[in-house]
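S.K.: Protein chains in written order, with the numbering used here: chain A, 1 to 131; chain B, 1 to 301.
Hints are computed from structural coordinates only; laboratory data are not their basis.
Treat the hints with caution; some may be incorrect.
[Claimed, not checked] Computed footprint of chain B on chain A, listed as stretches where at least three residues anywhere in the stretch have a Cβ under 8 Å from a Cβ of chain B:
#, region
1, 54-63
2, 67-75
3, 109-116
We put the CB at the ideal spot given by N, CA and C, even for glycine.
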Amino acid sequence: MSVLGGFLRAGASFCQSAGTLLLTARTISTGSCCQIRMHAIPQPKKVDRWTEKRNMYGVYDNIGILGDFKFHPKDLIMAPCWLKGFRGHELQRLIRKKKMVGDRMMTLDRHNLEKRIRFLYRRFNRTGKHR
Amino acid sequence: MFRCSLVVCGRGVAKRFASSFSSESALPPNLLLPSNLVDPARLKRPRPPADCSLPLLRKCDAVVPAHLSPVSAWVDTLERRDGEPLGLAQLHPDVFAVPPRLDILHHVETWQRNYKRISHANTKIRSEVRGGGRKPWRQKGSGRARHGSIRSPIWKGGGVSHGPRGPTSYYYMLPMKVRVQGLKVALSSKLAQDYLYIVDSLNIPTPDSQYLVDLIKHRRWGESVLIVDVGEEFPENILQATESLKTVNIIPAIGLNVHSMLKHEAVVLTLDTVKFLEEKLLWHDQRYTPLHPFRLPYSDL
Chain A
1 MSVLGGFLRA GASFCQSAGT LLLTARTIST GSCCQIRMHA IPQPKKVDRW
51 TEKRNMYGVY DNIGILGDFK FHPKDLIMAP CWLKGFRGHE LQRLIRKKKM
101 VGDRMMTLDR HNLEKRIRFL YRRFNRTGKH R
Chain B
1 MFRCSLVVCG RGVAKRFASS FSSESALPPN LLLPSNLVDP ARLKRPRPPA
51 DCSLPLLRKC DAVVPAHLSP VSAWVDTLER RDGEPLGLAQ LHPDVFAVPP
101 RLDILHHVET WQRNYKRISH ANTKIRSEVR GGGRKPWRQK GSGRARHGSI
151 RSPIWKGGGV SHGPRGPTSY YYMLPMKVRV QGLKVALSSK LAQDYLYIVD
201 SLNIPTPDSQ YLVDLIKHRR WGESVLIVDV GEEFPENILQ ATESLKTVNI
251 IPAIGLNVHS MLKHEAVVLT LDTVKFLEEK LLWHDQRYTP LHPFRLPYSD
301 L
C-alpha cells in the first residue's frame, strides 16, 4: 500500500494531468504502459544559410551614400508601383492605389476599392472620438 | 520523503564516482557547444609596431584631427598562399576607430531588413467575399438566430473583419548620418576584432577556388570572407574562384552594407577601397545640411 502511494506521488511529479487522473480515479495499474502519448519530437528543418539570395542580401542598400546619390535605396524595392518608397495606413494606401492604378483595374476590384475607401473615410472621419 | 532524499544522494555519489574514473579532458557525449564558438587556434595578430621595417604603402589623404592618431594595419597579398605582409597602411581614425555603437548597428540592421519589406498578406472582408447579399431567412418566426448575410465574420466561410489588408509596406528611412555612422561602426568593430584585412590588389595566380580556400584556412581568416573592391571590373581569376564558393563572396565597394559585414566573418578590402570609403564616409562629418536632395546639382560639390 505504501509502495503504491509512493509510485503515485512520483508519477504526479512527472506529469500533472496523468497524476491527478490517477489520484482521483484511484485505479491500480499492473502493466507498464506509458500513460503519456505524444508524437515524436519533430526534427528542426534544415536551412541553408549560404544561398545566393542570403549571401547578397542587403547589397546596394547604401548606394546613395556610397554612389554619389545617383540612386536612392527606395529604387531597389520590389513592390507594386503604388507602394515603392511609400508607407501609410490602409486608407492612404487605397487612395494612392486608386490615384496611380485605378483606371487600369478590373471593374469588380475597382468597385470593391471604392466601397472600402468610402467605408474607411466614414469610419475614420465620422465615428469615434477623433474627427 | 526519506526515500527521495536517499535516491538523490545515491545519484550524486554515482556522478562523483564516474568523474573520478574518467580522464579530465574527456568531453561528455551529450555536450552541446554553441555554433558561433570562435576557433581558439585563431590568434589575434598584433598591430604593426611603430618601428616596423616594412614600407608604409598608404597614408591618410584626409586631415587627421590633432587629438587622434591614424590606425595602422598590415597590407597582405593574395598572390602567394603563405606570404608575409607587404607593408603597412594608415587608416583614418574617424572611419576605422570610432566608438563601438552597437545600438546604431542594431538600428541599421533592422532598417535594412524592414525598409524593403512588402507583406502581401490579404484577406477578404464581408463585402468582398463572393455571395452573401441576401438575408438567409426571415427575421422573425423561424426559430433560428437572426442574420443578415451568410458572409458575415461570425459565419464559417465569411469574411475576416480585422485581418491583413492588401500589400502593406514597411518602408522608412533612417537619417543619412545614422547610416553612415553604422558603416563606420561596423568597419571599426571588424578592425578591432581583427577580422578586417587589407590587400594590395585582387590578382590571384589561378582561377581555382581551392587556392582561395587553402589561403583562407592557412591564414585563419575565418569561415566566411567578404571581398570588397572599387570599380566595375574585377580580375577574371577571382571572379571564377568565388563563383563556386558559398561562403566567400565578392562585392563592389558601392554595395558595402552593415548586414553583409555582420554576416561574413572576415572582410577584405583593397587599398583603393579604403581610399574610396574614407573619402565617402568622411565627407558627411563636415557637410552642410542639404537645401535640396543631393542628387540635384550643387554649385560647390
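S.K.: All the hints need checking, so say for each whether the structure fits it.
M.R.: Taking the hints in turn, this is what the structure says about them:
{"no.": "1", "hint": "54-63", "result": "holds (count 10)"}
{"no.": "2", "hint": "67-75", "result": "holds (count 6)"}
{"no.": "3", "hint": "109-116", "result": "holds (count 3)"}
Going down the numbered hints, you'll see the structure goes against none, and every one checks out.
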